[in-house]
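**Student:** Protein chains in written order, with the working numbering: chain A, 1040 to 1466; chain B, 82 to 401.
It is possible that some hints are incorrect.
Okay, the calculated beta carbon distance ranges per label pair [said to hold, decoys possible]:
id: 1; chain 1: A; residue 1: Arg1080; chain 2: B; residue 2: Gly118; range: 45 to 51 angstroms
id: 2; chain 1: A; residue 1: Arg1195; chain 2: B; residue 2: Arg225; range: 32 to 38 angstroms
id: 3; chain 1: B; residue 1: Glu86; chain 2: A; residue 2: Arg1080; range: 48 to 54 angstroms
id: 4; chain 1: B; residue 1: Gly118; chain 2: A; residue 2: Arg1247; range: 48 to 54 angstroms
Below, computed lysine to any residue pairings styled on SDA-like, alpha-carbon distance capped at 25 angstroms [said to hold, decoys possible]:
id: 5; chain 1: A; residue 1: Lys1095; chain 2: B; residue 2: Gly204
id: 6; chain 1: A; residue 1: Lys1095; chain 2: A; residue 2: Leu1168
id: 7; chain 1: A; residue 1: Lys1095; chain 2: B; residue 2: Thr129
id: 8; chain 1: A; residue 1: Lys1095; chain 2: B; residue 2: Lys395
id: 9; chain 1: A; residue 1: Lys1095; chain 2: B; residue 2: Val393
id: 10; chain 1: A; residue 1: Lys1095; chain 2: B; residue 2: Ser194
id: 11; chain 1: A; residue 1: Lys1095; chain 2: A; residue 2: Ala1162
id: 12; chain 1: A; residue 1: Lys1095; chain 2: B; residue 2: Gly198
id: 13; chain 1: A; residue 1: Lys1095; chain 2: A; residue 2: Arg1084
What the hints contain is simulated information worked out from the structure, not anything from laboratory work. Here the structure is a predicted model, which means the values were calculated and not measured. For each residue, glycine too, the CB sits at the ideal point set by N, CA and C.
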Amino acid sequence: MDHVLAARAQMGTSLGFHIVFAALGVALPLLVFAAEGMWLRTRDRAYYDLARSWAKGMAILFAVGAVSGTILSFELGLLWPGFMRYAGGIIGLPFSLEGFAFFIEAIFIGLYLYGWERLSPRAHWLAALPIVLSGPISAIFITMANAWMQMPTGFRIESGAVTDVQPLVAMFARPWLVEITHATLAAFVFTAFAAAAVCAVAWLRGDRRAHVAAGLRIAMVMAAIAIPSQIIAGDILARFDADHEPAKFAAMEAVYHTQRGAPIAIGGIARADRIDGAIEIPYALSLLVAGNPNAQVTGLNDIAADDRPPIELTHLSFDAMVGSGTALFLIAAAWFMTVLRRRNMSRLLATVIGCGAPLALVALEAGWCVTEFGRQPWIARGLIRTTDAATIAPGIDIAFYGFTLIYVVLAATCWWLLRQVDRGART
Amino acid sequence: MNPAEGAALVGLAAIVLYAIFGGADFGGGVWDLLATGPRRHAQRDAITHAIGPVWEANHVWLIFAIVTLFTCFPPAFADIATMLNAPLTFALVGIVLRGAAFVFRNYATPESSVAHGWTAVFGAASLLTPFWLGDSVGALATGRYAWLSPFALAVGVFALVACAQIAAVFLADEAEGEPLQNDFRRRAIIATFALWIAGAIPIAIARVTESDLFAALLTPHAAIAISCAIVLGLVVAVAVARRARLVARVAVGAEALAILIGWFGAQAPSLIAGHLTLTAAASSDAMIVAFLIACAGGAVVLIPSLALLFYVFKGPRRAG
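Just chain A, with the same shape it has in the complex:
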């Protein structure tokens, strides 16, 4: 493995692992906060049991999220010194602010998890509030740094050196608002469907206790709000990309030639010069992008050959994200109709909700792949190429295998422990 590929593999594995725990860290506190709040209001024991059980899960997930996030902050330098040498002094502000948000999260997670007996019920409930807020705020700051990588701004280059740095301009790079909305909602979508699936599977196994049903209800309310919002946010982001990041958009939608009346290509295997086996809907892409069936869409032929993203992976990731996102919307709709008609939970619906967890995982990972593959071959678009940013230190491939092994062990232990928490709650 050459050193750039090894660095990319290690970064990709690290982020792919961390993003799951990060997403849960962003949105799970809101579920816990809601459950404990319902307990304080109704004094219904089911909500207390639910809050305790979710909080145990949160303790394990947050710790793994914190340490895997630490890996990433080191890896910025261990893997991408050529990037950080320039970018650190431009885009450090959101990272610094994230440091404080993470601090608040870590402090109150300690207070919350170990404070059940030490704080009054109301104070304990309120101790969750800073976690509920600082999780999304952390995610927003990190995504702002990512937005800068997509469209770097807030500096000038003079004879090869960075000058005239404007930290606030850099922090609010053009895609910041569309990106933070989509990324933060993604955390809520994933967490809601994952939590709902855990309850649905418990229910399918015959667990009819009140807190399982309560958990399913709270999580599905969050899911039913988050997923339609996410589809709207995704549509806005795609149109932003069409206008401002044409190379990424062309790779996502597999547009090979600049054309008017562009069709949309659903599915299929994108190759370097053509797409095989896709369902094409004429004019649909132009219509979606500009509201006009004859609007022009930029194709990869108008992007310089060395500046094109890997179309195979970008298009595949995009389809996986949109496909699983659509399926999640249908699951939420099915649940909503059942509630609306005051029908009872059926085995079929519980099974479908149980399938929501893997689908939400695919949507989360694939969505992140779209933005990262779609930015290639740049680490910061137009500024630094990924190949120039990678470290020259030896042994990166060994580190990649080592960390991959650690992730496998951590994931397996997490899975095993969370099942124990789930069982413990049942006995």
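The hints should help you fit chain B onto chain A, whose structure is shown.
**Tutor:** Using the frame of chain A, we list chain B on its own:
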């Protein structure tokens, strides 16, 4: 003071706080590994109890130090991460495994094989991180990034012993009951003597192999800081023996501060000895000023939150 010096002070403060609080958590892991005698289970419980609510917050000081380095001194961050890639990767493995192992063993069924396995990992990983972070600091001081040099390795051992000492002092205060407190008092005093020896070794090695560094250690501010650290070690040992709990805690923190100032003093004004000065590595003033304003704003939220955390778990009501 110019903005870069301000940022360097913030970075130094983060490193000192990480050394004291993060160091105590790693030292707790060391004593977990070395738990012996009839009260070994009680010793482990006391360690878990002390670390549990605070380790995640203590750990953020490290993240904060890294962010300060790459925001305010990005070339130094890039160079250090490239040249010390291996020892920092080893330290990172320790950080990940320590944190994960700590929660895993706490939530696993007690006495299960999973709990035992992760307890072993917790102890071993707690050795790894202070050693390799100390080694990295030593390697920076050599000016050659010589992380496999005897000097750097000796600094690694020194850092590990320092963490164990800090942890024992804190545990002697926080453990429940006289016998358990005495266990940790004994450990704190032994660790203090061990720290003097572990501190003398890298200095002796430097005299033979690192002549520039040895000369730097004899400059006034480095020499004063090191002398203070030695005296403070004595204060720690006496205070622990005489059960002056607050004095012991403050002295051990001051000792860590003196050691790190000694290191900085020996290196100043270089960020990486002989390669990169503070000024040469500094980001633009606009960036550093924005960073310092963010820190001031962040501190307004952070300080009361930290105070609350430590008051609830380490304050007067902590029995029970």
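**Student:** Report the numbers of all earlier hints that the structure fails to satisfy, in ascending order.
**Tutor:** none
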